[in-house]
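Use the sequences and the hints to build the structure in full.
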Amino acid sequence: MTGTPYDQIRTLLQRYARAVDERDIDALSGLFHPGAEITGSRGTQSREEWLADMAAPRSFPRSMHVIGEPLVTMDGDGDRAAVDTYAVVYQLGDQGAGQGDLTLGMRYVDQVVVFEGRWVIAHRQATMVWMR
Amino acid sequence: MTGTPYDQIRTLLQRYARAVDERDIDALSGLFHPGAEITGSRGTQSREEWLADMAAPRSFPRSMHVIGEPLVTMDGDGDRAAVDTYAVVYQLGDQGAGQGDLTLGMRYVDQVVVFEGRWVIAHRQATMVWMR
Amino acid sequence: MTGTPYDQIRTLLQRYARAVDERDIDALSGLFHPGAEITGSRGTQSREEWLADMAAPRSFPRSMHVIGEPLVTMDGDGDRAAVDTYAVVYQLGDQGAGQGDLTLGMRYVDQVVVFEGRWVIAHRQATMVWMR
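Chains as they are written, first to last, in this note's numbering: chain A, 196 to 327; chain B, 196 to 327; chain C, 196 to 327.
Think of the hints as simulated: they come from the structure by calculation, not from any bench.
Owing to the predicted nature of the structure, the values given are computational and were not obtained by experimental measurement.
It cannot be assumed that every hint is accurate.
As the list claims (entries may be wrong) - Quick list of the computed label-pair ranges, beta carbon to beta carbon:
{"hint": "1", "chain 1": "C", "residue 1": "R213", "chain 2": "B", "residue 2": "T239", "range": "40 to 50 Å"}
{"hint": "2", "chain 1": "B", "residue 1": "T234", "chain 2": "A", "residue 2": "A251", "range": "48 to 58 Å"}
{"hint": "3", "chain 1": "A", "residue 1": "M323", "chain 2": "C", "residue 2": "R218", "range": "15 to 25 Å"}
{"hint": "4", "chain 1": "B", "residue 1": "E243", "chain 2": "C", "residue 2": "A277", "range": "41 to 51 Å"}
{"hint": "5", "chain 1": "A", "residue 1": "G230", "chain 2": "C", "residue 2": "R327", "range": "17 to 27 Å"}
{"hint": "6", "chain 1": "A", "residue 1": "G230", "chain 2": "B", "residue 2": "A251", "range": "41 to 51 Å"}
{"hint": "7", "chain 1": "A", "residue 1": "T197", "chain 2": "C", "residue 2": "R213", "range": "24 to 34 Å"}
Claimed, not checked - Covered by chain A, according to a simulated footprint, are these stretches of chain C (three or more residues, beta-carbon under 8 Å):
{"hint": "8", "region": "216 to 226"}
{"hint": "9", "region": "231 to 240"}
Each residue gets a CB set at the ideal place from its N, CA and C atoms; glycine is no exception.
Okay, here's the thing in structure tokens:
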């Protein structure tokens with residue numbers, strides 16, 4: 196890991212954006228702690244349950260997760276942090292098939308930890324703030 | 196304060212986003228210097244005048260301030276900086292009442308200073324670049 | 196240069212946003228390596244070819260480049276980096292003349308290097324992910 200812990204946590208979030216947009220399940224898996232819990236529109240899921248949903252056929256063929264600057268609160272010894280991040284997610288419809296787009300305002304409230312030498316998400320609460 | 200001054204200034208801006216979206220007047224107050232001047236659509240206001248406007252009933256029930264990466268120019272001794280930040284502000288209407296949304300492209304040009312051990316906004320010029 | 200290399204690279208991208216929105220050709224020129232190649236909708240161009248296009252009359256009178264957090268991969272000795280950045284570009288039409296807006300989801304994949312004491316873009320691949 197290079198950069199400050201703040202830089203490393205921003206990198207984690209950007210790696211998430213690329214992996215989720217590319218539906219790269221292996222890359223996504225490596226961004227979460229094995230015991231991670233993800234709470235969102237499907238309730239609370241384990242990492243494996245959540246990854247299985249992500250591997251399912253997509254409702255929208257493409258997406259772009261534009262993830263804002265995180266609000267990072269480092270914990271005492273520097274290997275844990277609370278991270279609160281706004282994001283705008285563009286779910287891009289198949290225009291040729293007449294499918295429209297969906298734009299979501301999301302808020303990710305994460306607990307991130309250093310695990311095996313890198314920052315990973317140990318807990319995520321994903322909340323949809325708006326959808327248009 | 197942890198992180199570099201750049202990290203701390205980014206944190207200040209994100210705290211602003213959360214406080215303004217939650218209309219947390221106490222939190223907002225703590226993000227500005229007591230002698231701050233805020234220039235925007237209502238002319239130039241003192242911190243207290245601006246906070247009084249923020250405490251008034253909202254035109255839109257909810258908002259999401261997605262604040263971009265700041266362009267930070269540190270000043271000589273590291274306790275002052277000029278900060279130029281783009282933001283997209285989603286003003287979310289009450290859909291049940293047929294109220295539409297408003298999206299604003301904003302530019303915040305700030306002078307920030309270290310005051311009582313933390314970064315605060317000493318002067319803000321808020322300009323609406325576009326509204327749709 | 197102040198801040199970490201990560202901060203300096205973010206500053207480079209924000210200077211790009213301001214310079215391109217203001218069509219400040221001199222400022223834009225200084226953000227690229229003299230031998231830079233820019234690949235985008237017009238094919239692969241030299242810095243001078245690309246700047247000449249930027250200096251031509253604008254299709255839209257104003258723009259706002261809201262550039263997301265970059266995914267930075269530093270290279271060995273710290274004077275080169277690969278940078279992968281999402282951006283949302285608002286091309287603002289002349290409403291008085293009935294011209295609509297265009298919003299673009301862009302991805303910039305850059306090679307940046309330290310040249311004459313500052314970070315510059317040595318290669319850019321600009322891809323439009325979506326347009327609405």
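Evaluated hints:
no., hint, verdict
1, C:R213 with B:T239: 40 to 50 Å, "24 Å, violated"
2, B:T234 with A:A251: 48 to 58 Å, "51 Å, holds"
3, A:M323 with C:R218: 15 to 25 Å, "37 Å, violated"
4, B:E243 with C:A277: 41 to 51 Å, "48 Å, holds"
5, A:G230 with C:R327: 17 to 27 Å, "40 Å, violated"
6, A:G230 with B:A251: 41 to 51 Å, "46 Å, holds"
7, A:T197 with C:R213: 24 to 34 Å, "27 Å, holds"
8, 216 to 226, "violated (count 0)"
9, 231 to 240, "violated (count 0)"
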